Each structure stands twice: as C-alpha cells, then as structure tokens.
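Turn these sequences into a full structure, and let the hints steer you where they fit.
There are 2 protein chains.
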Amino acid sequence: MPEFWWVNHNQTARQEIEGQYLWSPKTERSGARSEFYNNMRRASPGDLVLSYAGQMIRYVGRVTEFAFAAFKPTEFGAAGAYWNNEGWLLPVFWTSLTPPVRPRDLLEVLGPLLPEKYSPINPRSGAGNQKAYLARIPESVFDVILANVEYDDNMLVDGGSNSLTYYAVSESLDDVVEERISTDPSIESTTRESLIQARRGQGKFRARVQAVDGSCRMTGISNPSLLIASHIKPWRVCESSEERLDGMNGLMLTPDADLLFDRGFISFEDRGDVLVSPRVDREDLRRLGFEQLVWEQFGYAESPDVWQTRGFEFLQHRYLAYHRSEIFVA
Amino acid sequence: MPEFWWVNHNQTARQEIEGQYLWSPKTERSGARSEFYNNMRRASPGDLVLSYAGQMIRYVGRVTEFAFAAFKPTEFGAAGAYWNNEGWLLPVFWTSLTPPVRPRDLLEVLGPLLPEKYSPINPRSGAGNQKAYLARIPESVFDVILANVEYDDNMLVDGGSNSLTYYAVSESLDDVVEERISTDPSIESTTRESLIQARRGQGKFRARVQAVDGSCRMTGISNPSLLIASHIKPWRVCESSEERLDGMNGLMLTPDADLLFDRGFISFEDRGDVLVSPRVDREDLRRLGFEQLVWEQFGYAESPDVWQTRGFEFLQHRYLAYHRSEIFVA
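Top to bottom, those sequences are chains F and D. The opening position of the first sequence corresponds to residue 2 in our numbering, with each subsequent residue numbered one higher. The opening position of the second sequence corresponds to residue 2 in our numbering, with each subsequent residue numbered one higher.
For the record, the hints were derived by calculation from the structure and aren't laboratory data. This structure is a prediction, so every number in the text was calculated from the model and none was measured. The beta carbon of each residue, even a glycine, is placed where N, CA and C say it ideally should be. Hints are not guaranteed to be accurate.
[Said to hold, decoys possible] Heads up, simulated BS3-like pairs for lysine-lysine below, C-alpha to C-alpha not over 30 angstroms straight-line:
#, chain 1, residue 1, chain 2, residue 2
1, F, Lys73, D, Lys205
2, F, Lys205, D, Lys73
3, F, Lys205, F, Lys118
4, D, Lys73, D, Lys205
5, F, Lys132, F, Lys73
6, D, Lys118, D, Lys27
[As the list claims (entries may be wrong)] Just so you have them, the derived chain F footprint on chain D, three or more residues with Cβ under 8 angstroms:
#, segment
7, 168-177
8, 255-264
[What the hints assert, rightly or not] So the derived list for chain F, only partly shown, Cβ under 8 angstroms to chain D, looks like this:
#, residue
9, Glu66
10, Thr166
11, Tyr168
12, Glu180
13, Asn224
14, Leu227
What follows is the structure in structure tokens.
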C-alpha cells in the first residue's frame, strides 16, 4: 500500500519539479536530526507526494525509487546556500494539477484531518510550517486535495514511460561530479584519467580492489570477467581523489550483488556479516539466487545462522561504516 | 591450457598494439569465411599471441577476453579502407620483446614446426603469408621464438594491473559511436538524446522494451529497480536510430543475466530455448544462481529438458538471429 506525503519546497520548487526529484540535507545545520529529513528515507517507490510551494499545490508525484545519498544539486545555487552539502535525493515523477489547489481554502475540511505533530501546514491557520519539508499525511488529506482537480493519473501508475530509474538518476549525479573533476585544474591529468575510470570500476581503482578483495564474497566467483569493482563509499560522494582510488574503498562483486550493495539493499558488518534491508522483496532475493539472504532477512536475523562472509581489513572499516549509515536502506 | 597464436598485422600494427587489441573483419570482402578471421573467435582469455609486422616479432600478448562484435576502429583510417566494416575485436594485452625476433633467422628450427596449412609464414622461404591474419601455432613455435629474448612475463599472467576488461573495452567502443551520434547533424536533438540514453538502457528505449518484455525471462523478476533494458543486437553495432530505439531489440534482464547475454555466454532460440556457451565455466554459472544453465550445458543439451523460456515476438527474431550468429560465443 502506498503512503502519502506532502512536501514544502521552500525556494527550490522549480529545480525539484523540473529535475524530477526531492532533495534535503541529511540533518539540520546544527547536525540535529529532523523528522522531515528522515522521512526522505521512509518514502518508498509507489508512494504519492503533494508538492506545495507559494501556498499552492500544483503537482502530485509518484516516488520512483528509495532515496539515496547525493550532494546538494548544483542547480539550487544561492537558494540552497544555507543547507549542508550532504543529503538525500528522492526520485519523484511529477504531474501537474488543473487547477492548482490552495489548501487554505479547504481548511475547514482539511484541518481536522491533518496530523497534530509534524503537519505541513498549521491545521488552524493554514499557514505553511516553515520547519517542514517532507511530511507524512493521511490518505484522507490526499483525497481531499485531489477531489476536484484533473491530472494525468496514468503518470501515477507504476510502469508507463517513466525513466527515473535509480540507474538513470545516479548516472546524472555522477555526470555532475565527473564534469567537476574534468575541469579541476588542481588535479593532474593522469590522476584525472584514473578518477574517471574509477567511476565505472575500471583502471587503477579496479586493480587495487582486486589486490585487496579478489573474489565476490557473496558468490565466491573469482573470474574477473564476471566481477565489478564496486565502491563501498560511492564514487560521487567521495571527498578526495584518494578516497575515489583507494583499493580499501572497494569490493569485487558479481553484477547482481553489486546492484544490491550499490542500491543499499544489502550491507556488511566489519566482521563480514551480511545485512539485508527489510525494504527489499523476499521473492526477488530468492529469484536473484540469494536464497540465504531470504533466511537472513526473515528467518534468523538474530540467530547464530547469520550469513557471515570473510572479515574486512581494518582500513575498509570506515568506508563500511559510511555504507551502513548512509547507503543501506535500513 | 592456453593456446598459441601468431598475428600478421599488415598495416595496422601500431593501432592494434597501442590500442591493446586485434581487429579483423568478420569475412573477406567477398563475404567468404576466412580461417584466419574465424580464429578471432576461437582465441580464449589466457591464450598467448605473437605479434608479427615488418618481418619482425616485437611483442607478445595475452588474450584478456573473448572477441566481440565491433565496427572497424576509426584509428585504422586509410590503412583499413579495404576491409568490411563489421568485425571482431579481440582484447590483447601486449608486452615488448628485447630484442625483437626475426623469424626468418630461425627458419631452420621453425620450418619443420610450422603447420602445413594456414601457416603465418612460409615454412620454407620464411616469407609472410599475405592471406594470414590470426594463425594458430604449436607451443613449440612459441617457445623457439621466445627462447632468447627478454620480456616482462608478469604481464602474461592473469590478474596483475591489466584493466582490459570486457566492460572497459566495450565502453571505449561505445564512446566512439556516441561521439559520432553527438556530432551527426542529420539527427534531431530529441532523437539524439534518446539514442544516447539507449546506450545505457534508459529513456525511450527502456520504456519500449518494458512494454514488449516486462520481466526477466531468466529469473521471473518484474521489479523495474532490479532490471536492465539490454539490447539484443548491441547498441554500438546497430545500423540506424530505429534499431537503437526499437523496443523489439531489447530484453529486460537482471544484472547477472544481462552480463551473460551481453557477453555472448547465453543466447536464445526464437521459441525461447536458452542456449549456453560451452566456453562459460560450469561452477561460475552455478554460483551466479543459474543452476538450470549448468544442466543445459552439461546434462541435457539435446533432451526435452532444455530450458524453454517464453517465446519471442516475430519482430524480435531478426535481432535474435544476429545475437546467435554474431554475439553468442558458440
């Protein structure tokens, strides 16, 4: 069953609608966690979102992927200057409403339906909650807003011609970083080439990962033709050339395992235990051939039957800690 | 056990050595098959190759991947004008010999060891065989050539820092095609964008493939987050924008299945039977979760137990025929 959300865009509505996403920092500037930012990771594919900006709801969107770690979009420019650079990007496919809806006009009906805590607008005055970003709303609020408007509801159905796949979105995020690397005069040209090859797990990075971790710990496969050199801390959020090329920041994985790891559906404890996200489908894991992950997730999570792969090197631990806290969809 | 080969480079030695590959057309200009061109698909990872040009052997190389379908390298320029455009590219990691070897000087020993048929040089006169390209040689010929020369034999060992993976090579081949598309003034800009998105199985191409073939026929997975829209006839060798964007030229596959199919380790009959290359390792298939392919390959190839997936649409047949004859490593 989909859940229902309401986003208060602040000054970045245009960028987020055109770009087909939502973006929030991971935390407040002070480092404090925010319920509204935490909701970014709670939204799931198929959930529906109302877009609120300038006191109007002009779009409704469908979440197409779980959020993933991404730097602040450069197109925010000055509008996003206040926020931390590290954040969550949530792909959302938007479609416009005709006519747009002014929630304040429906306050008599909406007020009693809105949550007491973390409401996107004040249930009594109708004023936007300045602190809110992505707020959870009951289905009834969603239904009231959309009761008398037209929109292309095919757009909200799974499938269609929507191409906001995780892959497409992460490619475009990576492109931005590659462009930055390509034009950074402080990087030597041979390093630049290695950094760009590392984006796709090739070149110097791959050779170094192979030296640390020559076979896939999920399948035991050691044939290099079948293995991808995957970054533990993703290439696009690495903070330096050293991190992007560090063999300790990599694992050799088969393509299926690479996708699950890259996407945050699995992660690892330092001693090698496999962690499985409760958000990934049981039957899908079985079909991908990871029968043991199914047991992990649904059978023996706390038992000694946990799937333990070989332990990691000490120098891999900090990258794994990043993956567990920032990439893994817990 | 590795096999041993000898290549007569003709005029493209520089390009092939620098580029770390061999390239031949698929057939003679007349369309006739050539033993020397067919050998391109017989060479296997780990095989060793002597590079002969200007009457000298100056390099020895290790084959790093099976050959795959690729257009004639643009860097051949006028030197390759005579050859057909469609060919095989075989990734080879070369290392130089000190000093180079002149086979004619060793003819007394080499002559009796060279094959009667399809020899790279005339066993009696020592003259290069003008018709030869990649010729099979006995290990003894290889040993005689390398008996008194020095070279870095680490380079010939599997692993090392060699980054000539299938993925890296196909990326660079795709880059050439993308560059051509990007600068082709006859293509409209919206089509150009779709064509470039199609390279990575995104955008319009992906949406069309999903409409034809919504789930992975190897695993049954239908969750779009776990599926890749793979071209049947590879993107880089398509002959038109229509072929690159044709939903009938695609399959939705999980990442492991995509790699096996893309790499030519599996293919399909029109009615849906899975074909498995005898060149792919049995234990690897099992570890990837394709237990049934192991049986296919080694158990019941001719029996009614053949793995039959759902049949293909008529309009997919011509692309499948291409895949079976040109991509599948039979």
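Inset, instruction - Classify the hint on glutamate 66 of chain F as holds or violated, based on whether any CB of chain D lies nearer than 8 angstroms to its CB. - result: holds (6 angstroms)
Inset, instruction - Classify the hint on glutamate 180 of chain F as holds or violated, based on whether any CB of chain D lies nearer than 8 angstroms to its CB. - result: For glutamate 180 of chain F, the interface hint is violated, since the closest Cβ of chain D sits about 16 angstroms away, which is over 8 angstroms.
Inset, instruction - Count the residues of the segment 255-264 of chain D whose CB lies closer than 8 angstroms to any CB of chain F, then report whether that count reaches three. - result: holds (count 6)
Inset, instruction - With a cut-off of 30 angstroms on the C-alpha distance, tell me whether lysine 205 of chain F and lysine 118 of chain F pass. - result: violated (51 angstroms)
Inset, instruction - Assess, step by step, whether the Cα of lysine 132 of chain F is no farther than 30 angstroms from the Cα of lysine 73 of chain F, and give holds or violated. - result: holds (19 angstroms)
Legend entry - Given pair status - lysine 27 of chain D, lysine 118 of chain D, alpha carbons within 30 angstroms: holds (20 angstroms)
Inset, instruction - Report holds or violated for chain F covering the segment 168-177 of chain D, Cβ cut-off 8 angstroms, minimum 3 residues. - result: holds (count 3)
Inset, instruction - Could you grab the alpha-carbon distance between lysine 73 of chain D and lysine 205 of chain D and see if it respects the 30 angstroms cut-off? - result: holds (28 angstroms)
Inset, instruction - Answer holds if the nearest beta-carbon of chain D is closer than 8 angstroms to that of threonine 166 of chain F; otherwise answer violated. - result: holds (7 angstroms)
Inset, instruction - Take the C-alpha atoms of lysine 205 of chain F and lysine 73 of chain D, compute the straight-line distance between them, and say whether it is at most 30 angstroms. - result: Since the Cα atoms of lysine 205 of chain F and lysine 73 of chain D sit roughly 28 angstroms apart, the hinted pair holds (cutoff 30 angstroms).
Inset, instruction - For the pair we were handed, lysine 73 of chain F and lysine 205 of chain D, check the Cα-Cα distance against 30 angstroms. - result: holds (28 angstroms)
Legend entry - Satisfaction of the leucine 227 of chain F interface hint, Cβ to chain D closer than 8 angstroms: holds (6 angstroms)
Violated hints, in rising order: 3, 12; the structure is consistent with all others.
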